[in-house]
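Asks: Chain by chain, the residues run as shown.
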Amino acid sequence: MIKALFWKEWCEQRWKLAYGCVILVGFTLIGLRSRLTPDEFIVIFASAGGSILMALLVGMGLVATEKSEGSLAMLLALPVRSWKIFAVKMVMGALVCAVPIVGCMAVSLAVAGGREMSANRIAVAHLGGISFSVIMLVWMVAFSIRQPNEARAGLVGIGVFMGWVFFVFLFVKVFYKRLDLVLWGLVITPLGILQFAASEGQMHTLWAVIVQAVMLIFLLLWGGYRFGKEGRSKL
Amino acid sequence: MNEPAIKIEGLHFSYGRKKVLRGVDLEVPVGSIFGFLGRNGSGKTTTIKILLGLLKPDAGVCKIGSLDSQKDVMKVRQSVGYMAEDQQMFGWMKVTQIIKWVGSFYPGWDEKFARELVDLLELPRDTRVKNLSKGQNSRLALLLALGHRPKIVILDDPTLGLDPIARKDFLRYVIGLLQSNGVTVFFSSHLLYEIEPVADYVAILEDGVIVKTGKTDELRQSVKKILLRSAGDIEFGGVGGILDVAKMGERIAVTIEDYSEAKREAIEKKSGCAAVDEVDLNLDEIFEAFVIGNRGKKVKV
Amino acid sequence: MRSRAALLWKEWREVRWFFIVGAAIFIAWPLIEAVSNYRLWQNFYSDMPSGMVLLFGGFFAILVSVGATCRDLQENIVCFWQSRPVAIWRWAVTKYVMGLAVVLTVLTVPVLMQILMAGGADGSYKRAGGFASVLICHTFTLILVYSLSFVVGCLIRSPVYAVIFSVALAMLVYFLPVLVPPLESFSVFNIIMQSPLEITHLAFQTQGGPWFAEKMRVVKIPWADDLALRYNIDLLRYIAFALVGSFAAVVIAGIAVKRNWRLKIGQKLMFWLLGGVGMLLFLTVVFQLGSNLKCVRQMPVTSDRGMSARAAIACEDSKGLILLHDVWLDESSTGRDKYRLWRFDLSSAEPISKEIVLPVQVPPMISWPGNKAAIAWSAEQPQLLYAVRDSQSEDKADGKLKLNAAELLTISLADNEAVVTDKIDLLPHIEEPRGLCEGMCICRDRIFVNLSGQLFIFELETDGKPILKSATKKRVGICGESGRRDASRQTFATMSIGLVPGEGLSVQEQLAVSVELTGYRVMDIEGDIVVETNNDFIKVFRLKEVRDDIATLEMFGYRSPTALERLADFSPGQVFLRDGFAYILNKSADFGGLTVYDIRGPQIRRVGHYAVPNERLLAIAPLPDGNILVGGNKLHIVAPPKAARTYKAQSN
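Residue numbers (the working numbering), protein chains in the order written: chain X, 75 to 309; chain D, 1041 to 1341; chain R, 61 to 712.
These are calculated hints, taken from the structure and not from any lab test.
Certain hints may be false.
To be verified - Residues from chain X that keep clear of chain R, each with C-beta distances beyond 12 Å, as calculated:
id, residue
1, ALA92
2, VAL154
3, ALA197
4, LEU229
5, ILE284
What the hints assert, rightly or not - Here are the computed lysine to any residue pairs in the SDA-like style, where the Cα-Cα straight-line distance is at most 25 Å:
id, chain 1, residue 1, chain 2, residue 2
6, R, LYS328, X, LEU149
7, D, LYS1058, R, LYS702
8, R, LYS702, R, ARG357
All values reported here derive from a predicted model rather than from experimental measurement.
Heads up, the beta-carbon is just placed ideally off N, CA and C, and yes, glycines get one too.
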C-alpha cells in the first residue's frame, strides 16, 4: 500500500528530480571547469540557490496540484490514513530536493575539492543547502495546504522565504550593537543553517540544527493535520 | 412579415481541422421560447458564441434582429441578455458589487428592476460570488442577463449542475419573468423533459447541421412510432421518413417523421406486417430518433 | 464613462494587493534601513532601492502582469465578461495601464527616494546621477518586461506557466544583449554602465572634445543655477527600443485575446524551457569568459600573503625573478609595504628559490610606474638586480609635487640576501625634478631610465656596475596622437613615439626600449607591431616611418571590450606580444586572468583565456618554449591557445 503511494509520488515527481539534476549539476560542472568565478561562488550558488529552486519547484506541486486537478478527494478516499499519505509525499519531496544537491556536491568534490575550497568546506556547504531545502519545503507545504492551485502555493513559498529574509534584516537592524543576539536571531530562521554551515560558528550551528529540527517536527505534525482536515472537507 | 429575432444562415465553423458546424440554418421567431437541442459536443455553445460575436465563423451569417452579430458586436451584446453554461464570475466581488459593475456596461440597465430581482431570486446581497451555492450562482447569472431588460435572452444550458428542485425553480423564474413580457428566449439544453413543457419551438443540432426544427406541438404531432407485428427480416429501404427501427419484444417499432396514413400503409406493405399500435412520443424520444436513429436498416427478428 | 470607471475600479481592486506587498518590500524595507542608518551614522540613506529594483523589479512586473491577465482569461470567466458590451481593446488598455501604474509606482518611488537622499546627504550629485541612470534606463526595461509578460499571459492563460515563460523571456531581455556583441545597444546594463545620465556642473559640459559632443547632450536643470543634466544619445535609442517593443507586445496581446489565440504548453516543457534559457545564457558566458587554456605546471611561490598589490616578473630563458609587492596590516591596522623577491629556474628540480626579503626602506627600494616595476635584470648577470628608487613631496614654494629622491640601485642577490652594492644619485642630473620614474629596461648592456622627462643611459661594465653615460632632456615614449580622428571609435589613428638614441641599436630595438619606458601605458612591441590596451580598448599599430628619432605608427586593428567583458571588469595590467598574438593580463579581482587575442588582422579576436579566481594573477612573461609564465602567489605555466600553436607550427 505504502509502496503504491511511493510509486505514485515517484511517477509524479521524477521529472523534477531529472530537471534539478540536469540544471544544477550541469551548472556546477561547467562553472567549476571553466573557472569563471571563484569556486566558492559556484558552490554557494548551486547549494543555496539550488535549494531554494528545488524547494519551490517540489513544494508547489506536492499538495496544490492534487487539489487543482481534483484528485485529492480520491486519494483521501483510499483505505490509508491521511497522515501516511502526507508522510509519503513529504519523504519523496525531500528526496527530490536533496538528490540534485547531492549530485552537485559530488561534482564539486570531484572537480574542485581541495582546489580553492577544502573538501570539508564543500561538503558542509552542500549539507547546509540540503537541510535548508528540506526545511523550506516543509514550511512551504505546511503553509500552502489550503491553497487551491500551484500558483498560489508558489507565492506562499516565495512569501515564506521573503519573510525569513525580512526577519533577519529587521533583527540585524534592531540589534546591530549586539552581535551575539544577531547570531541567536539567525538560529531561529532556517537561513541560520546556511550561514552557520559556511562559517566556523560550531555552537550556533548545533543550536540552529536543534531549533530547526523542533520547528520541523511541529510543522510536519501541523501540516499533516491540516492535510487530513482539508481533504475531508473536500469529500 | 416580421423579421425573426435570431436568424442564422449557412453557418460553418471549425476548431482547427475539426468541423463543428457544417451549415446551420435557423430562425427564431420573436417572442418565442426556442429550445436548441443537441448532444454534448454537437456545437450548441459554439453556435451561441458566434451569435454573440465571441467566435468568428468560417462562413455564414448570424443576425440578432437587424444586427449582424459579427459587424455590430457591441450593439448585439447590449441588446441581448446572456447566461453562459456553468457561468463563472469574479469570485471576489459581492453580489451587489457585481450587479453594479455589470450594470455599468449597459446604457439601459434598470437598477430598480435589478434590485427587485435580487429579492425575487432570493440572492444574499453581501455574500461574495465564490461563496454562493450553485443554485444561487445560476440565479445571479440570470439576473445579470436580465437587468438591462433585453428583448432577447440567450441561455446556454442554464440548469447545468443543479439538482432537480433547483432546476424546477430556475425554470419557473425564467418563464415567470420572460414569457409574459414578450421576450424571446433562446434556450440550449440536453434535458429535453425540461424544455418540452416550456419551449414553443425546438431545433435539433446533430453532426453540425439542424436535423429538425419546428414548433414543439407540431413536432410531437408529426413524429410517431408505429408498432408492427414482427415476421422475419424486414427491409425498409425506399420508404422515406423512417427515423428508427427497433425491436420491442415481439413487436417492431418504427419511428416515422412527418407521419401520415399513406406512410403507415407504405410501411405495412413493405414489411408485410400490420401495424398493431400507434404511439405518441415525447421530445426525448423524438430527439433520440433524430440523433441516433438507424434510419430503417435491416432488422433481424 | 461609467463603464470606464467600472473597469478601472475592478482592475484596482484586483491589483491592489500587489501594490501593497510591493510597496512593503520595495519602499518600506529601504525606509527601515534608512532609519537604521540614521541611528547609526546620522545619515538618512539607504543603498538598497536601486539594487532591489534591478534584482527583483523584473520579477515583480511579471507577477503583476501575469496575475492581471490570467485571472480574466480563465475559460469560463472570459466568456462572462467578453459576452458583455466591453470592447476588448478597452479591457486590454485598462488592465495594462493599471498594472503598469502599480509596477512603476512601486519600483520608481524607492529609486527617486534614493536619488533625493544621495543628492541631499553629501551633495554628491554625481552619485545621484548614477541612480538617475538606473531609474531612467531600468524603468523602460521594466515597461518592456511588463509588456512582454502581458502578452505571454494573454497567450498562455495559466498563471504558473505564464510566469515561467515570462521569466525566461525576461532573462533574454536582460542578459542576451550583454552576451551577444551586436545587441549591446539594447542591453540595459551596458547603457547604465556608460553613465548615460549625469548631473554635472555647467562648467564641465564642454569638456571632452568633439567626439564627446557627438554622443552627449546637455540640458540645464531649471531649479539649480550651476547644474546641468548630461545624457548619452544611446539612451534615447534604448528608450525607443523599449517603447516600440512594449507597444508591439500590447498590440499582439489585444489581437490574441480578440482572436482567442492560445499557446498550450505543458508544465514540464515550461520548466525545461526556463532551465534551457538559463543554461544557454550561462554557456554563452562560459564560452566568452571561461578558462580554456591548459595549465602545464603550477609552482607555489608563497602561501602567506597580505593584500597582494602588484607583481613583476623578469625572465630570460626559463630563468628569472618574481617580485611581489604586498601590503600587510600591522596591529594598528596600518598598511605596511613589503617587497619580496624569489629567483626561479624552471629547468631545475626545485624551481623556486628561497624568499629574498628586500629591506624596508622609505621610500621603498623599487619605484613602480603604472603596472611595471622599475627593475632591470639580465640572465647574463643573474645575481644582480637594478632598480630605480624615487619619491616626491610637496614643494613649499609653489605647492606642486617635486622630486626629492632619485637613485639607481644595484642590488646583489648573492647568498639569497638583497644587498645594495651600488647607488647612483640621479637628482643632480635632473634639470626639472618634476615627475617620477616612468620606466626602465636593459638592452645590449645598457640600462635606460626614463625619469622626470629625461632619458638616462647607463653602460654596464663587465662586473655589472652601471656607469652613467648620458642624462639628456629627451622625451621618449608616446609623444603624440594625431591623424585621422575616428569619431565612432573615439580614438586616434596614428601614434608617435620618441625613440631612444640609436647607437648600436636597430630601429626595432630602439622602438622596443622606448615602449618599455612608457610605464604608465600598457603596451608591448614585437618587430614593428605595437599593441596598446586599457579598460576601453585594444589597439594595434604598425610602424609607418621613422624620422628624426620619432617613430610614427598607424593603427590597423581595434577592439573595444564587449559588454560582458566590461561587466567582468576588463582592466588590463600588462601585455606582451608574440607571433601575432597579444597576451593580456586582466588584473580584475574577481575575473582576473590571462586572455589571448589574435591581432593579426583588423578584427582582433579573443582566442583563449586562463583564469584562477581567488588567486590574483599579477604578472606575465613569455617563455622560450612558447608557454606563458603567469605569476602571483603561485607561478603557473600556461600553454598557448591552439590558434597560436598552429600558427607557430606553420611558421616554422
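Asks: Could you run down the list of hints and mark each one as holding or not?
Replies: For each hint, the structure was consulted:
1. Listed as outside the interface, ALA92(X) is inconsistent with that label: its C-beta sits roughly 9 Å from the nearest C-beta of chain R, within the 12 Å cut-off.
2. Every Cβ of chain R is farther than 12 Å from the Cβ of VAL154(X); the closest lies at roughly 26 Å, confirming the non-interface assignment.
3. With a minimum CB-CB distance of about 19 Å to chain R, ALA197(X) clears the 12 Å threshold, and the non-interface call stands.
4. Remark: the non-interface label on LEU229(X) conflicts with the geometry, its nearest Cβ contact in chain R lying 8 Å away (cut-off 12 Å).
5. Listed as outside the interface, ILE284(X) is consistent with that label: its C-beta sits roughly 30 Å from the nearest C-beta of chain R, beyond the 12 Å cut-off.
6. Our distance criterion of 25 Å between C-alpha atoms is met by LYS328(R) and LEU149(X), whose separation comes to about 23 Å.
7. With a C-alpha separation of about 59 Å, the suggested pairing of LYS1058(D) with LYS702(R) is violated against the 25 Å cut-off.
8. A distance of roughly 18 Å separates the Cα atoms of LYS702(R) and ARG357(R); the hinted pair therefore holds under the 25 Å criterion.
The structure fails hints 1, 4 and 7 (numbered hints given earlier, in ascending order).
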